[in-house]
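**Q** Given only the sequences and the hints, what does the whole structure look like? Please build it.
One-letter residues, chain by chain:
There are 2 protein chains.
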Amino acid sequence: MVDVKLPDGFRLRPESMLCFDIYATHHAVGQVYQPLLSKLGLTYPQYLVMIVLWEQDRQTVGQLGERLDLASSTLTPLIKRLESQGLVSRKRDAADERKVRVLLTPAGIALEQEASHVPGCVAEAFGLSVEQFAQMHSLLGQLRRALKAQGDSEAA
Amino acid sequence: MVDVKLPDGFRLRPESMLCFDIYATHHAVGQVYQPLLSKLGLTYPQYLVMIVLWEQDRQTVGQLGERLDLASSTLTPLIKRLESQGLVSRKRDAADERKVRVLLTPAGIALEQEASHVPGCVAEAFGLSVEQFAQMHSLLGQLRRALKAQGDSEAA
DNA sequence: ATCATATATATCGTGTACGATTAAATCGTA
DNA sequence: TACGATTTAATCGTACACGATATATATGAT
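Each protein sequence line maps, in turn, to chains P and E. Mapping to my numbering: the first sequence position 106 is 679, numbers consecutive. Mapping to my numbering: the second sequence position 130 is 703, numbers consecutive.
The set of hints was computed from the structure by calculation and includes no laboratory data. If you're wondering where the values come from, they're calculated on a predicted model, not measured in any experiment. It cannot be assumed that every hint is accurate.
If several chains are the same, the list does not tell them apart, and a pair holds so long as it fits within one copy or across any two.
Quick list of in silico lysine to any residue cross-link-like pairs, SDA-like style, CA-CA up to 25 Å [what the hints assert, rightly or not]:
| # | residue 1 | residue 2 |
| --- | --- | --- |
| 1 | 721 | 688 |
| 2 | 612 | 702 |
| 3 | 653 | 702 |
| 4 | 721 | 590 |
| 5 | 612 | 717 |
| 6 | 672 | 640 |
| 7 | 672 | 718 |
| 8 | 721 | 600 |
| 9 | 664 | 692 |
| 10 | 612 | 656 |
| 11 | 612 | 721 |
| 12 | 721 | 597 |
| 13 | 721 | 689 |
| 14 | 672 | 692 |
| 15 | 721 | 708 |
| 16 | 721 | 607 |
| 17 | 721 | 618 |
| 18 | 721 | 693 |
| 19 | 721 | 599 |
| 20 | 721 | 700 |
| 21 | 672 | 687 |
| 22 | 721 | 697 |
| 23 | 612 | 670 |
| 24 | 721 | 702 |
| 25 | 721 | 694 |
**A** This is the structure we're talking about:
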């Protein structure tokens with residue numbers, strides 16, 4: 574069990590501090606994206622799905638879930654909302670009819686250009702140096718790997 | 574399961590990487606807490622509310638929302654669920670009847686002991702050194718301040 | 001004292017999120 | 001080939017989370 578000196582006035586144990594940190598940061602990130610994305614008619618999770626599809630079109634629901642760590646119970650309704658906005662379409666895989674492939678429509682492809690200013694706006698809002706970006710990426714990656722290992726040993 | 578895989582060839586800009594990182598880490602943290610907390614009959618957001626109340630009893634809904642960055646539309650039903658479990662009660666402030674104070678019941682107070690193993694379990698799962706804890710706390714704090722400043726200037 | 005304004009919480013509608021279950025398609029192996 | 005086991009999405013019920021709105025209380029200027 575790890576013990577750390579606390580910043581002045583902060584009465585939580587470090588592990589709680591960090592879980593509050595991550596909870597609050599996640600929230601703050603969503604707040605910065607929200608006004609940018611609402612102009613495009615997207616929510617933040619919908620935007621993440623679109624990013625993954627812009628990287629590679631025609632992925633299955635399962636592949637999207639793997640990338641984003643989301644279950645079909647979350648993705649299926651989310652994708653149907655994207656479909657009803659005309660950004661994607663859904664098609665059963667010909668070779669394996671269990672799989673549903675998500676295809677970008679012309680409007681979905683075009684949206685990438687309309688959204689091209691978003692990453693720059695967000696990067697600016699982040700206010701971190703390149704070194705701090707790298708440091709944070711490394712730390713969060715390490716944390717996630719440790720948490721994943723815990724989850725797996727728990728499941729075993 | 575708990576990790577978002579970004580395989581080789583998955584090319585994201587750093588700011589996008591970081592937003593994926595935070596999204597995924599937030600999710601992974603929740604996954605580690607979930608099995609520990611379900612034995613106590615709590616969800617992760619409910620646990621955060623209880624932590625804040627264990628620090629200081631009889632806070633108003635607004636104070637809890639300030640601490641956790643949550644609106645009354647989220648907190649009111651959450652607190653009512655805690656109330657229906659007998660962990661807290663709700664009482665209008667005598668001096669200002671607009672305010673609702675949330676009071677720990679004896680069961681709510683006792684739950685702190687039952688939950689005392691949780692922070693240690695999670696800290697272990699985090700798998701970070703003391704220095705890394707401090708580094709992450711510092712970086713996340715800096716990021717949050719920058720994001721909050723951005724949100725404020727946006728609102729102005 | 002009265003009324004406009006501000007504050008604190010609650011309510012409503014939409015959209016994630018997840019575990020458990022279901023249903024259909026595929027695969028392995030006898 | 002046949003059939004049980006596995007895989008893949010979809011569905012269901014519960015619980016956040018937020019913006020917009022409603023309601024009740026409090027405050028302040030006249």
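**Q** May I ask which of the numbered hints given earlier this structure violates, with the numbers listed in increasing order?
**A** Hint check: 2, 3, 7, 9, 14, 21, 23 fail, others pass.
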